[in-house]
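**Student:** Residues per chain, in single letters:
2 protein chains.
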Amino acid sequence: MKNAVHREIPDALLKDGVEAFQGAFYRDNYEFKKAAPKIRSQVQPGTSKMLDSIKEAVEKTGLKDGMTISFHHHFRNGDYVCAMVMEVIHEMGIKDLYICASSLGKAQASLVPMIEDGTITGISSSGVRDEIGEALSSGKLKNIATIRTHGGRVRAIETGQVHIDVAFIGASSSDPYGNASGKGGKADCGVLSYASVDAQYADKVVVITDTLVEAPNLPAPIQGVDVDYVVKVDSVGDPSKIASGAIRMTKDPRELKMAKACAEVIAATRWFKDGFSFQTGAGGASLAVTRFLKPFMDERGIKMGWGMGGITEPMVDLLREGYIRKLVNDQAFDIASVESVYTDPGHVEISSSQYANPMNKGAFVNYLDYVILGALEIDTDFNVNTVQGSDGTIQGAPGGHPDTAAGAKCTIIVAPLIRSRLATVRRQVTSVTTPGETVDVLVTDYGIAVNPNRQDILEELQKTRLPLVTIEELCDKAEAILGKPEPIQFTDQVVAVVEYRDGTIIDTIRKPASR
Amino acid sequence: MKNAVHREIPDALLKDGVEAFQGAFYRDNYEFKKAAPKIRSQVQPGTSKMLDSIKEAVEKTGLKDGMTISFHHHFRNGDYVCAMVMEVIHEMGIKDLYICASSLGKAQASLVPMIEDGTITGISSSGVRDEIGEALSSGKLKNIATIRTHGGRVRAIETGQVHIDVAFIGASSSDPYGNASGKGGKADCGVLSYASVDAQYADKVVVITDTLVEAPNLPAPIQGVDVDYVVKVDSVGDPSKIASGAIRMTKDPRELKMAKACAEVIAATRWFKDGFSFQTGAGGASLAVTRFLKPFMDERGIKMGWGMGGITEPMVDLLREGYIRKLVNDQAFDIASVESVYTDPGHVEISSSQYANPMNKGAFVNYLDYVILGALEIDTDFNVNTVQGSDGTIQGAPGGHPDTAAGAKCTIIVAPLIRSRLATVRRQVTSVTTPGETVDVLVTDYGIAVNPNRQDILEELQKTRLPLVTIEELCDKAEAILGKPEPIQFTDQVVAVVEYRDGTIIDTIRKPASR
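Taken in order, these protein sequences are the chains called A and B.
Going by the numbering used here, the residue at position 511 of the first sequence is 525; the numbering climbs one at a time, nothing skipped.
Going by the numbering used here, the residue at position 270 of the second sequence is 284; the numbering climbs one at a time, nothing skipped.
Hints are computed from structural coordinates only; laboratory data are not their basis.
Treat the hints loosely; a few may be bogus.
Copies of one chain are not kept apart here, so a pair can be met inside one copy or by any two copies together.
[Said to hold, decoys possible] In silico lysine to any residue, SDA-like type, Cα no more than 20 Å apart, as pairs:
id : residue 1 : residue 2
1  : Lys48     : Val176
2  : Lys48     : Gly174
3  : Lys47     : Val176
4  : Lys525    : Glu22
5  : Lys52     : His177
6  : Lys52     : Val176
7  : Lys287    : Pro59
8  : Lys109    : Gly132
9  : Lys154    : Asp144
10 : Lys287    : Pro190
11 : Lys74     : Asn43
12 : Lys246    : Thr225
13 : Lys52     : Gly31
14 : Lys16     : Arg524
15 : Lys74     : Tyr44
The model shown is predicted, which means the values in this text are computed figures rather than measured ones.
Bound conformation, chain A alone (with noise of 0.2 Å):
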């Protein structure tokens, strides 16, 4: 059947309670039981969580083939511990295992002869890159695997879609009751907002860290009370890759220019005043926004009163300079924003689900006023594509943009109109990451397009002297530097479902023909 971005998905997929994409708030209001783990009571004191090695944790968790085990992405490209514990696994012979992940890419490489002979059968991430995502496209999983929103990844745990039989979770530091952070430690990450939830609803728990330290290791983002061990290594990761040293602010004059007519659209909208909330990425032009906010910020005389999401330095200056009153800090992406949480006040850790949720309370990403965001591909719909390389293999992730797109009162894209010979606006997108609906302005170096159910927008920059053009302008002006995109050839073998962050199947990866 089609969905409601008109994805044909295949019948096949729609079973156990699994549906199709219907609108990005189907799921508003919907009442269900949370999912537990099962767990064993530590009623006698004494018993000590600490283990020798890897391979005894393993064991003592009684991992067997078919299991779902899970990892999570805050050493980044810098993280040793899904290797390393993915390495005792395979030398153990233990088979079938569905990998529930909150991110994979380089650090994961050596994964993928694990892929090829069975180890790994199943895989959900969110990012599925480098090695892994060319695993995957060439179709080398035994099932089809499921690329997750960050939200989506929460929600799908707390709902019982995923049960973690176990949670392997690497730590800058611990102390030894597994009250576990990404401070304090040989290798700091600074957050663990990725592994609260696996800490909660896994049945066995593992902790593994280089750095043992005195109890109590508080405050801590992942309890002891939910910890069944703790595992001491040389090494987590290396902090060279955990964190960029600092992340190059753009001189790209493109980009720049992108980024400043971004900040000239918040600026012209009415969510833009005390107190107002905002989120932007770690790319070029949209970090770039952030410096170019300060001086309508200044000029207004306002302050901005939370910034979340993946964290960087610009943030943190901002922070430091009075900009603004909090920091809500899920990701950190630069030694700034890894060296700044909890120490400076106002810069607090969130979990996954409290940043993106769709299925708790409300999570942090509805109360956003701006969220400014890339793209892969964007099509005249205003769907968004994140995940998939226009040559057809998967190289990116959703990460949070579906989750702050639904959430935030005004969703910006800022995408030059063409890289590298190939157009980021089309007719069609590749796959779709993230429904249109929820996609409100498109920012490119050949004008501003704004998503028609958005006229209250469009009335706002309307009295701006800011370029605006539709979407289907720029799509023409693509077409007529670069003629028509040929249409990618692939075979039938769906390879990957683009989950929504609700659950909902938005839209599949097929292997290319190429392949």
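Use these hints to put chain B onto chain A, whose structure you have.
**Tutor:** Coordinates of chain B only, in the frame set by chain A:
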């Protein structure tokens, strides 16, 4: 049948999986699936949680006859919230409610007529004091009340023994999303540790505050993602009764003598070394122990690793003076404690599950070296009663007594042999709150008795000049002074069950014949 502390438990109570007490660690390693609430998702942004009145909140939650509602006691004797909510419910004519309170006392006296008219037909609480205690003792409540420990209450909720339909959470401050805290308000109570489990496990959650602050009100022990509605009222409590100005340091020579002896016991045992953990109560002698520990710490050149509990000014002072590295706070007993938590580095809030829940993966009580506790009565098997007066009236609370006693390596009871012509040390306590197997040392003004099952501690104390006696000798002494206590006459009507922290029945309380 007789349970493991030789108390007769009527068979009629042993149904639906309820068992008689079998020993303090009977439920160790018990496997169970945690309970979970039924919630409604808030996908659509822009929905306000703010309601105009408590009545509107009660209506919106769908509260009806026979349901279970919950309250916490962080506002202590200054609490307005429970009485305000119950007054509204009473006016609305809702009947047959089960109140799951963390504690009830003087501030809830207005509930007595509601017990009499069937608005309230069931109660579980730790403290059942003052007018409520009188009413329960007199058999006015329709159903048998349950006296629960602080850890036992969380356990009951997390295992699903108690399912809360609607939680009413009084908060010192909240933002419009329901992020609520014990700080930042007109009437600060410091922490909301006992309400955390309610927020996470109740189907509907209402935050009631007198101080609405700009979002995000973080850090917040009550997360907005768990909150359905927020109601702003004029006042949540009387600050002068929420926390005592300063708890009086005792000048009673008898109390000081016992406190000094208790400190000497601690100093003579092997856990008194750098990094030791410690909890004490707010009673005269218990509180004074803290003061007497200081010279011993100086002498050995050691620091306390962490102090826990109801936190009071002497503990805050030690933290500030560098004698304690961390304070973990589940209740703030005085203004100094309220002001210090979240403000002094190293003084952090923990939930009641983290504090004392026997059926998570290891609460902080499990890691206590020393706990100093009081007793209304203690028998020659070292069983302690902290709930029932020697006249048979319910007038106390288990609180964290059974929880910390079970967890700590060395549990010390400090109590005078005789109080107001009543013997503390007896052949048999009126009812058992804490089993003797978890009580190690009794410090009285007539000598120090060590539980025979702790020969290790006895040997350590024998190396000192502390006045060691047997508990039988203490009991003989009390009887020599006062004569044998007259047994109280009880009717057959069981008015309350004293539940051990693991959910088994450790004793029952019957209606005194005099009532």
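**Student:** Tell me, in ascending order, the numbers of any earlier hints that this structure violates.
**Tutor:** Nothing - there is no hint that the structure violates, so all of them hold.
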